[in-house]
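Going down the list, the protein sequences come from chains A and B. Under the numbering used here, residues 1 to 660 are what the first sequence spells out, in order. Under the numbering used here, residues 661 to 820 are what the second sequence spells out, in order.
Bear in mind the hints are in silico, worked out from the structure with no lab data behind them. Backbone N, C-alpha and C define an ideal beta-carbon position, used for all residues, glycine too. Do not rely on the hints blindly, as some may be mistaken.
Stated by the list, open to error - Per the computed footprint, the stretches of chain B lying under chain A, defined by three or more beta-carbons under 8 Å from a beta-carbon of chain A, are:
| id | stretch |
| --- | --- |
| 1 | 695-708 |
| 2 | 747-754 |
As the list claims (entries may be wrong) - Cβ-to-Cβ under 8 Å is the rule here; a few derived chain A residues that face chain B:
| id | residue |
| --- | --- |
| 3 | Phe240 |
| 4 | Pro344 |
| 5 | Ala363 |
| 6 | Ile367 |
| 7 | Leu375 |
| 8 | Ser384 |
| 9 | Gly386 |
| 10 | Phe389 |
| 11 | Val399 |
| 12 | Leu425 |
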Amino acid sequence: MIAESGHYGLVLALALALVQASVPMVGARKNDPVLMAVAGPTAIAQFCFIAIAFAALTMCYVRSDFSVVNVFENSHSAKPLVYKLSGVWGNHEGSMLLWVLILSVFGALVALFGGNLPARLKANVLAVQSWIAVAFILFILTTSNPFLRIPEAPLEGRDLNPILQDPGLAIHPPLLYLGYVGLSISFSFAIAALIDGRIDAAWARWVRPWTLLAWMFLTLGIAMGSYWAYYTLGWGGWWFWDPVENASFMPWLAATALLHSALVMEKRDALKVWTILLAILAFSLSLIGTFLVRSGVLTSVHAFATDPTRGVFILAILLLFIGGSLALFALRAPLLKQGGLFAPISREGALVLNNLFLVSACATVFIGTLYPLALEALTGEKISVGAPFFNATFAPLFVPLLIAMPFGPLLAWKRGDLLGVAQRLVGAAGIAAIAVAVIFAMEGGGPLLVPFAIGLALYVMAGALTEIVERTGLLKVPLATAFARARGLPRSAWGATFAHFGLGITLLGVIGETQWSLERIAELKPGQSIAIRRYDLHFDGVTARQGPNYRELAAHFTVRRHGDVVGVMEPAKRSFPSRGTAVTETALMTRGVSQLYLSLGDPNPDGSLAVRLYYKPLVLLIWFGAVVMVIGGALSLSDRRLRVGAPKPARSKAALSPAE
Amino acid sequence: MRWLCLIVAVLTLVALPPALAVEPDEILSDPALEARARALSKDLRCMVCQNQSIDDSQAPLARDLRILVRERLQAGESDQQVINFLVARYGEFVLLRPRFSWHTALLWLGPAAVLLIGACGVLLLVRRGRADSDRATAAREKLTSAEAARLSEILRQGEQ
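Just chain A, with the same shape it has in the complex (with noise of 0.2 Å):
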């Protein structure tokens, strides 16, 4: 009965998702204040159904419903109840219906705190919203149903994948998904503005917020994601280029070009064309996201042709959306009024730059992922584009970017001063020098590239935060000035300086983990030692437990440093009955911001065992950055002058006084 009603919802939801996408839209068209506050409601909702839809296949998955094909297929009754939960979207059919849930959610966001938007743009938004819902409501009806029954239920269901059950994975598609969706709704708002055929600064001041919203959610997604592969693979990698993992970071990167162009519109009035284009090439590389990851493409050109109904489906939606955004763009973009000159050295100039470079690096990506698909489906030849072929190419497109990015925030609008923001620059530059010096020495004969690369990390570190001590004064007046000026500073500009700090922490953990992580690799038996820098690892024995749906093998270690003892370490090997597989869980143990690592291989049969050692300096920092980047969205979202839009009604006139 439960996931009969999930179904039915799910049902009903497409016909509110019909009725959204349609009424609204002719009441766009014949200006009819009644047809378009439909929109509102009917989202609120769609919302609501898709709710009652997901609640029930929840509720399937607590309480071990294995009548239901998908439970029965990713669930075990001994599972603990978090991973039951987590289980719900740790498949395809779930994971779908929870793509929708979000959809649905922003939507009804924007029902309920858009009421400063123009009526017309409100509507048009929400119904192309709803024509996205309708897309993939359908595709989750006709191919991917998560509420089919089994005619004789199962006494047991076959379990998750073991190594999907970890916190980490408990949330990461979450908020991966809260990224990816969350494009949608600047999307929506480009197509609305094309179809009404206007757009202006306010604009662009309403779309700011969903996009920093959404790529808020992608920087963490991306960022859980990677520590959860650092941890759980087994080798310490936390970037592997994975097509899979570029579709997720290719979003990530338009979305960041898209936050600096929109900027650029809200402020000064131009680059309006490029921004919508921005908008709806940001969304489209999520649907194409979720083209690779859903269709199986990624598996093999093959075995996408021999089982093509899902695929071929999410690639109909895909040359929908793509190809009918792109043509009514092309349509209507001629008509848009450019406005808001600018000199080439600006603020505004600068953030052309980082758009080049930003939409470079993300086709650079694209085309690496997408080249070995379609050279094998054009020719039958088979190449493989792996991390080698990204290192070469992204970080030459990366590196001038980081070094521009410290005097985009210090250039005037209109017309800047390169030369006195390099004079501001210096301090940073020179911190810079400092660095690359005192490495070189400890370093000696290391590869030249280290000491540079940790320069240009704390170059643009130091460069982020030139701009507030400028502005408080701090060195020059009294502390506690400073710091009155400090709280009075937009909480915007706070928001610039963490986001670009962040991305220098995230840039120093790459290159300290790259370059300075050491490997042990040994067999030993109990009694025996492993030692790694000043550290030293004595194997005590192994153990065998028994967990919740599992059974474990793990291994003692005492850690010592200097011969004192700092800590034990845990590595394990634990295997499910229930799938009859086992996964490795490595023991980390954090030092400041660096981690020993370590994970076992098989057991010989003389009794001793295989371990992986790593030590791993800076690592912790790659994550870290990306919090603090978040953080920065966070205040910045948060600022008085973006509340208008944002999903927090602000009726005061302070909020529509004039920026700056």
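Fit chain B to the supplied structure of chain A, relying on the hints for placement.
Showing chain B alone in chain A's frame:
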């Protein structure tokens, strides 16, 4: 993000064997040779895995390839010879960094092309913007004789 990949892996019934990648018994006694082997392994694909190098992969095939690479290095072959041997045996698919040739030209030159086209576009925009603003200033400052005549005509009409 890897979870999605893993779901795909599970759907296609590829189980992950829980062993280490490079195993202790494979490691060569000569550290210089071993370092070369590791560097080579990072650029070679484990062909039964999804986007894993043989250095990272735990699959039996990856182990065989790692051992093969080490054997050839021990026999005194250069890095290039080892790669050539593997490509001859398994095809271009084994290389994670594809070689530059006519069918990968678009792949290798694509990013630079995008950057170049984008830069040209920006340059054009700046040029046009400057020309526009120049024209606007010029138009304000200087009237042609015909315009001046028309202006005085309008002014005279206004006075009447």
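Report task. Using 8 Å as the Cβ threshold, decide whether Pro344/A counts as touching chain B. Result -> Hint holds; Pro344/A Cβ to chain B Cβ min 5 Å, cut 8 Å.
Query raised in the report: Holds or violated: Leu375/A as interface residue toward chain B, Cβ cutoff 8 Å?
Result: 7 Å, holds
**Report entry** Outcome, coverage of the stretch 747-754 of chain B by chain A - at least 3 residues whose beta-carbon is closer than 8 Å to one in that chain
**Finding:** holds (count 4)
Report task. Tell me if Val399/A is really an interface residue toward chain B, meaning its C-beta lies closer than 8 Å to one of theirs. Result -> With a closest approach of 13 Å, the Val399/A hint is violated.
Query - Interface hint compliance - Phe240/A to chain B, C-beta minimum distance less than 8 Å - result: 6 Å, holds
Report task. Identify whether the interface hint at Phe389/A stands, where standing means a beta carbon of chain B within less than 8 Å of its own. Result -> 5 Å, holds
Query - Interface hint outcome for Ala363/A [beta carbon to chain B under 8 Å] - result: Cβ of Ala363/A sits 4 Å from chain B, so the hint holds.
Query raised in the report: Is the shortest C-beta separation between Ser384/A and chain B less than 8 Å?
Result: Where the cut-off is 8 Å and the nearest Cβ of chain B is about 5 Å from Ser384/A, the hint holds.
Query raised in the report: Any CB of chain B closer than 8 Å to the CB of Gly386/A?
Result: 3 Å, holds
Query raised in the report: Holds or violated: is the Cβ of Leu425/A closer than 8 Å to a Cβ in chain B?
Result: Violated, about 23 Å.
Query - Coverage of the stretch 695-708 of chain B by chain A (three or more Cβ within 8 Å) - result: holds (count 3)
Query - Closest C-beta approach of Ile367/A to chain B relative to 8 Å, hint status - result: 4 Å, holds
Of the numbered hints listed earlier, those contradicted by the structure are 11, 12.
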